[in-house]
Amino acid sequence: MALKTIVIAGASGFVGAHLVDALLRAGGYRVKVLSRSLSTKATRAPWPAGVDIVRGDLRDPSSLQGVFEPGCTVINLVYLRDAGEAENLAIMGHLLAACRAAGVSRIIHCSTADVAGRTPHRRVTESSPCYPRTPYAAAKLKMEDAVLAYGQEGCDVAVLRPTAVFGSGGQNLKKLAQDTLGGSRWRNAARACVFGRRRMNLVYIDNVVAAIVFLADPDRALGKEIFIVSDDDVPSNEFSSVEFAMMRGLGIQASPRPRIFLPPWALSLMLRILGKDNVDPLRTYESGKLRSWGFEPPVPFEDGLARYAAWYRSECRGEPGKAGL
33 MALKTIVIAG
43 ASGFVGAHLV
53 DALLRAGGYR
63 VKVLSRSLST
73 KATRAPWPAG
83 VDIVRGDLRD
93 PSSLQGVFEP
103 GCTVINLVYL
113 RDAGEAENLA
123 IMGHLLAACR
133 AAGVSRIIHC
143 STADVAGRTP
153 HRRVTESSPC
163 YPRTPYAAAK
173 LKMEDAVLAY
183 GQEGCDVAVL
193 RPTAVFGSGG
203 QNLKKLAQDT
213 LGGSRWRNAA
223 RACVFGRRRM
233 NLVYIDNVVA
243 AIVFLADPDR
253 ALGKEIFIVS
263 DDDVPSNEFS
273 SVEFAMMRGL
283 GIQASPRPRI
293 FLPPWALSLM
303 LRILGKDNVD
313 PLRTYESGKL
323 RSWGFEPPVP
333 FEDGLARYAA
343 WYRSECRGEP
353 GKAGL
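So the sequence shown is numbered by the working numbering: it starts at 33 and just counts up by one.
Worth flagging that the hints you see were computed from the coordinates, not collected in a lab. Check the hints yourself; a few may be wrong.
[Stated by the list, open to error] Quick list of simulated restraints, FRET-style, between CB atoms: (1) Arg219 with Asp92: 43 to 49 Å; (2) Lys321 with Arg57: 52 to 58 Å; (3) Ala222 with Gln97: 53 to 59 Å; (4) Gly59 with Ile305: 49 to 55 Å.
[As the list claims (entries may be wrong)] Restricting the straight-line Cα-Cα distance to at most 30 Å, the calculated cross-link-like pairs of lysine-lysine (DSSO-like) are: (5) Lys256 with Lys206; (6) Lys321 with Lys256; (7) Lys174 with Lys321; (8) Lys256 with Lys174; (9) Lys308 with Lys206; (10) Lys207 with Lys308; (11) Lys36 with Lys321.
Here the structure is a predicted model, which means the values were calculated and not measured. Cβ atoms here follow ideal geometry from the backbone N, Cα and C, with glycine treated the same way.
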C-alpha cells in the first residue's frame, strides 16, 4: 500500500519535533519537513531516518514550487514570534497559495486556545466568541480565518487549538521547575498564595501530537472544523496541584500548602491590569468535541507531569543559569 504523504511546516519547533517522531511511530506515512536550508546545522540534527527534508522558505513564495504534492496533507505549525501580524498573515497566504497550486487535499493548522481572549465564557468551547487582546492572539485568530476561508474552495481543512503545551524540550513549566529547585522559599510561598487556585490550562505534548495524528488520518474528513485539545478535564490542572506534583517529581520535600489564596476576583483584576488575554483564573477549555470524534488522549495529565519532571532532572541539571539539584 502506498504511503500517504504529509508535509510539515514548522517541524523544527517544539511541537513539530515531537510530531515527526509520532508520525514515524504510527507508520503508513511519508513524512516531509519544510526547511529554509538543507544543512543539518540549520535544522534539527539529525532528523530520524525516513524523513525527507525539502527546501522552502514561507517568506519566499518562489521557493515553495514543488514542495507540496497533489493529494498530500499539510500540517502547519508555523508562527514567527519575531515578526508582526502582517508578516505572519503574509506567510500564511504564501502557504495557502502553494497548496492551491499543488492541489493539496487536506490542511491541518495548529493554532492556540489563546484566540479566545477575553471571551465571557468560563467553560470555553469551539463555539465560544473570541475577543483576543494581545497581538499574538489576534494574529493567530486571523490566520485561522485564512485557513477556514481557504477551506471554502474545496480543500478539507481543520484548525487545532491546543492550550498551554508542556513536555520535554518545551518552555511551559520550565520557570516553575527552576523556581521549585532554587527559588526563594518565601517567594514561592507568596506565588502559591496568589496563583494557588488558578487553572493552568496545561496539555501534555504527547496528547497534542496524538490529536494531530488522529486528524491526519486520510480516511477522516475534517469538514472545516475547529478542535480544542486540552487536559482541562482534570481537577488537578491548577497551580497548587501542579506545583505539588513538580516538587514530588523533582525530589523536593513539599512545604505546607498555604491555606489562604488570593480571591479569584482579585487575581482577575491583577491579570487585567497586566494586559493578559485570559483574565478569568477559573477558566477551562473543553476538548469534548475532539473526544466525541473518537480521540482519546494517550497520556494521563499526572503522568505527563511526572514525565516532564523526570526529563527536567535528567536534561536541565547544571545548565548555565539554571538551578541545580
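Checked hints:
{"no.": "1", "hint": "Arg219 with Asp92: 43 to 49 Å", "result": "holds, 47 Å"}
{"no.": "2", "hint": "Lys321 with Arg57: 52 to 58 Å", "result": "violated, 25 Å"}
{"no.": "3", "hint": "Ala222 with Gln97: 53 to 59 Å", "result": "holds, 56 Å"}
{"no.": "4", "hint": "Gly59 with Ile305: 49 to 55 Å", "result": "holds, 50 Å"}
{"no.": "5", "hint": "Lys256 with Lys206", "result": "violated, 35 Å"}
{"no.": "6", "hint": "Lys321 with Lys256", "result": "holds, 14 Å"}
{"no.": "7", "hint": "Lys174 with Lys321", "result": "holds, 22 Å"}
{"no.": "8", "hint": "Lys256 with Lys174", "result": "holds, 15 Å"}
{"no.": "9", "hint": "Lys308 with Lys206", "result": "holds, 20 Å"}
{"no.": "10", "hint": "Lys207 with Lys308", "result": "holds, 18 Å"}
{"no.": "11", "hint": "Lys36 with Lys321", "result": "holds, 26 Å"}
Comparing the model with each numbered hint stated earlier shows that hints 2 and 5 do not hold.
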